[in-house]
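Enquirer: Between the sequences and the hints, there should be enough to build the whole structure, so can you do that?
Those protein sequence lines, which keep their order, are chains W and B. Heads up: the first sequence at position 251 corresponds to 251 in the working numbering, and the numbers run straight through without jumps. Heads up: the second sequence at position 259 corresponds to 259 in the working numbering, and the numbers run straight through without jumps.
Be aware that one or more of the hints could be misleading.
[As the list claims (entries may be wrong)] Distance windows between CB atoms, simulated:
1. B/A179 / W/A128: 25 to 31 Å
2. W/E218 / B/A179: 44 to 50 Å
3. W/M1 / B/I88: 56 to 62 Å
Because the hints were derived from the structure by calculation, they are not lab data. Note that CB positions come from ideal geometry on N, CA and C, so glycine has one too.
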Amino acid sequence: MLDIVGVSKTFETRDRRVAALQEVSLSVRDGEFLSLVGPSGCGKTTLLRIIDGLTDATSGRIIFNGVELQGVSREMAFVFQDINLLPWRTVVQNVEIGLEGRGLSKRARRQRALQALELVGLETVADAPPYTLSGGMQQRVGVARALAVDPKVLLMDEPFGHLDNFTRENLQVEVARLWQSLKMTVIFVTHDVDEAIFLSDRIALFRTNPGRIAEIVEVDLKRPRWEYNVRAEPNAIRLRERIMDELEVRKLQLA
Amino acid sequence: MSIADLQLARPATRPAPTGRWLRSRIVPPLAIVLVILGAWQATSVFLDPLLLSTPTAVFAALVAMAGQGQIWAALLTSLEEMFAGLAIGLVLGIVLGLLMGRYWVVEKILSPYVNFFNATPLVVTIPLLVIWVGISTQARLLFIVLITIWPVLLNTLAGVKNVSQGYVDVGRAFGLSDAQMLRLVSIPAAVPYMLAGVRISVGLAIIGMIVSEMEVSMVGLGFLLTSLGNSFQTSKLFGVILVTSLLGVLCAAILRLVERLWFRWIGEVSAAQR
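Expert: Following this line, the structure appears as structure tokens:
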């Protein structure tokens, strides 16, 4: 159980204060797939970074299984939008990065990294330099890098934001499969409503100025969702409309 | 003519790769070199060869010197001093640069001195070095160390401090300790900067070697240059100048090779970002 309790974040520049997040509270259930959806500037990425300990909150607490988290948590792993694979390391060495300093032998590290690469179907390019990989493959390595540390919570920050539509949809299915088989909690930031509906158990809708959660909606659609056309389901269409209304996308478009 | 015809026609009109390479990369530069050498040779008609000599005379002088062994001894002495000084300078520069980049206090304490030395035209220290250690190998070595240390130090520092935030985020998110962050992220990420610094320092090492030998010695290429100049042996003088130029070209080529062999990612990554 992961509890986000009254988290606020204010960024201060010389002449103004920006409330990126104001009093955000949220309980994440064990093993659920939760998406954070909202317009840019609503603080969803900031919240994800605060959960992982990459960014300090101005106030509020992150409590994981009853323990308040301080600093970067070992129970969680982060998948970045800009994957930032280290170009001086091979693919498998990049996946090993989270295993450095965990008292593993070199061989054990490689073994675990290779297993993680196998999960995303990339064990064959393990010893290639990362810049020889396509964008989609690089993002798979980013996922493997996170899975290698065997996290209880996987934090994904718009991981497919830079990818083309085909690659994106393939990776969505892959993430859904991984989540189903690995049974971990996933918190997934996106601004793509269809992506969120396809993947999530629940979707937290964010508003901006100040960044806050407006509503949390349940996604009550049959799984596995890659076995049928989710987007054509009447329930999914209704849900999509409701989310779009809540995010006030329509209003903006009419204005 | 339709578009399909054009596409079919294209490969046939394209010249063979080797032929194009020869025509574009070899022939024009070679032609220019020949024109310059020819013009130089022609100056002997109206100029005293004492001033400019001629390519043929320079070549003859080089062959003669190579036979006498004089230039070999000078070259050997110079190279020893240069590489010893450069090695010490590079190690000191990289170590100090890393320390300054890693520890805020060290940077605060040392940066005024670093800026001071880096801004000073360090040739001014030569008389002082001679007072301290005499006209000796040590004086020349010290001078080369003194001028090569700063570029590599400043570049290493800049490299360590400018590590991309994305890489730092990755290191932090995956729980690297401070020491691991330095070893696994900051130092490798700073390598392109370091190599740029090394390139400048190598150039300065050659200058330092020649200048210190001109001022502070009876040996080496620098001394050879001075004495040839004093005795108006222009052809030999050009020969020695040519040798030092080749030395610089060779060093640059070695550095490029090192980068290509051990740091291939540098070229690949910057090409991808372009």
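Enquirer: State for each hint whether it applies.
Expert: The hints, checked one at a time:
1. B/A179 / W/A128: 25 to 31 Å: holds, 28 Å
2. W/E218 / B/A179: 44 to 50 Å: Holds, at about 46 Å.
3. W/M1 / B/I88: 56 to 62 Å: holds, 59 Å
In the structure shown, no violation is registered for any of the earlier numbered hints.
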